[in-house]
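Asks: From first to last, the protein sequence lines are chains A and B.
Number 50 in the numbering used here belongs to position 50 of the first sequence; there are no gaps in the numbering.
Offset between the second sequence (1-based) and the numbering used here: plus 1000.
Read the hints as simulated data drawn from the structure, not as lab findings.
Cβ coordinates follow ideal geometry from the N, Cα and C atoms, glycine included.
Misleading hints may appear alongside valid ones.
To be verified - Here are the simulated EDC-like cross-link-like pairs (lysine to aspartate or glutamate), alpha carbons at most 20 Å apart as the crow flies:
hint, chain 1, residue 1, chain 2, residue 2
1, A, 59, A, 17
2, B, 1071, B, 1056
3, B, 1071, B, 1044
4, B, 1071, B, 1024
5, B, 1071, B, 1086
6, B, 1014, B, 1083
7, A, 51, B, 1105
8, A, 59, A, 83
9, A, 51, A, 15
10, A, 36, B, 1083
11, A, 57, B, 1105
12, A, 70, A, 83
13, A, 51, A, 67
14, A, 36, B, 1105
15, A, 56, B, 1044
What the hints assert, rightly or not - FRET-style restraints, in silico, Cβ to Cβ:
hint, chain 1, residue 1, chain 2, residue 2, range
16, B, 1071, A, 40, 27 to 37 Å
17, B, 1039, A, 70, 27 to 37 Å
18, A, 3, B, 1063, 38 to 48 Å
The primary structure of each chain is shown beneath.
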Amino acid sequence: GQQVMQIPQYQHVQEGEDFTTYCNSSTTLSNIQWYKQRPGGHPVFLIQLVKSGEVKKQKRLTFQFGEAKKNSSLHITATQTTDVGTYFCADGMNTGFQKLVFGTGTRLLVSP
Amino acid sequence: DTGVSQDPRHKITKRGQNVTFRCDPISEHNRLYWYRQTLGQGPEFLTYFQNEAQLEKSRLLSDRFSAERPKGSFSTLEIQRTEQGDSAMYLCASSSAQGEWRVNEQFFGPGTRLTVL
């Protein structure tokens, strides 16, 4: 079955440093969603990417969808302690997002 | 609070017992999903309802698991004859039906953490 891997598995940065997590799928991604899960919390939707090569920005966060739709990335500029959590990419399978196949996640720790 | 709610938040049970969890989705959402998440892993899809119809079930969902959404509103997930391997966080999510190219985020509830002793 499909595997969605993320690297790195864990990253510890100093506040103000940049951070990037990469999402790679064994098959072509239908669409990609990104979620953030704070420690002890539940996944919260960040963004959806649909088109090949698409780039979207949300303040300090930049999301990219690969040209071949087999990978995606999330880049955070100048991390803050509020960015702490685990970031998951997820493939929205089929049409209408009937289910999500989540990646393995990248846990981010930010030290002040 | 108009978000997704789940009950109970925590459940400790002994192996072999049956447990039932409840999920109340956002009221106008017709799609409801159950996921299971173990420590350090991403959520794994279990099953999906559109209104009251259960349209998809994962192979992860053994015959000890059953889910219902009788009136297209709240949903229940029952696990019979629990095993230690069932220990996990059970997450419910809801969304509204949208076209393929429209944003279709899933709203997750706080989860029910199950511990099987």
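Asks: If a hint holds in the structure, say so; if it doesn't, say that too.
Replies: To see whether the hints hold, each was checked on the structure:
A hinted pair counts as satisfied when its Cα atoms are at most 20 Å apart, and residue 59 of chain A with residue 17 of chain A qualifies at roughly 15 Å. A threshold of 20 Å between alpha carbons decides the hint, and for residue 1071 of chain B with residue 1056 of chain B the separation of about 18 Å falls inside it, so the pair holds. Pair hint residue 1071 of chain B plus residue 1044 of chain B does not hold up; C-alpha atoms about 25 Å apart against a cutoff of 20 Å. A hinted pair counts as satisfied when its Cα atoms are at most 20 Å apart, and residue 1071 of chain B with residue 1024 of chain B qualifies at roughly 12 Å.
Proximity of residue 1071 of chain B to residue 1086 of chain B is assessed by CA-CA distance (about 27 Å); at most 20 Å being required, the pair is judged violated. Between residue 1014 of chain B and residue 1083 of chain B, the direct Cα distance comes to roughly 8 Å. Compliance with the 20 Å bound is thereby established for this hinted pair. Restraint check for residue 51 of chain A and residue 1105 of chain B: satisfied, since their Cα atoms lie roughly 16 Å apart, inside the 20 Å limit. Only pairs whose Cα atoms come within 20 Å are accepted, and residue 59 of chain A paired with residue 83 of chain A is accepted, the gap being roughly 12 Å.
Restraint check for residue 51 of chain A and residue 15 of chain A: the C-alpha separation of about 32 Å exceeds 20 Å, so the hint is violated. For the hint pairing residue 36 of chain A with residue 1083 of chain B, the CA-to-CA distance comes to about 30 Å; that exceeds 20 Å, so the pair is violated. Between residue 57 of chain A and residue 1105 of chain B the CA atoms are separated by roughly 17 Å; this keeps the pair inside 20 Å, and the hint holds. Taken as a hint, the residue 70 of chain A and residue 83 of chain A pair is broken in the structure, with Cα atoms around 26 Å apart against an allowance of 20 Å.
Pair hint residue 51 of chain A plus residue 67 of chain A holds up; C-alpha atoms about 8 Å apart against a cutoff of 20 Å. The hinted pair formed by residue 36 of chain A and residue 1105 of chain B meets the criterion: a straight-line CA distance of about 12 Å does not exceed 20 Å. Proximity of residue 56 of chain A to residue 1044 of chain B is assessed by CA-CA distance (about 26 Å); at most 20 Å being required, the pair is judged violated. A C-beta distance of roughly 32 Å is found between residue 1071 of chain B and residue 40 of chain A, which places it inside the suggested range of 27 to 37 Å.
Evaluation of the 27 to 37 Å hint for residue 1039 of chain B and residue 70 of chain A yields a pass: the beta carbon distance comes to about 28 Å. Checked against the hint of 38 to 48 Å, the pair residue 3 of chain A and residue 1063 of chain B fails, with Cβ atoms roughly 26 Å apart.
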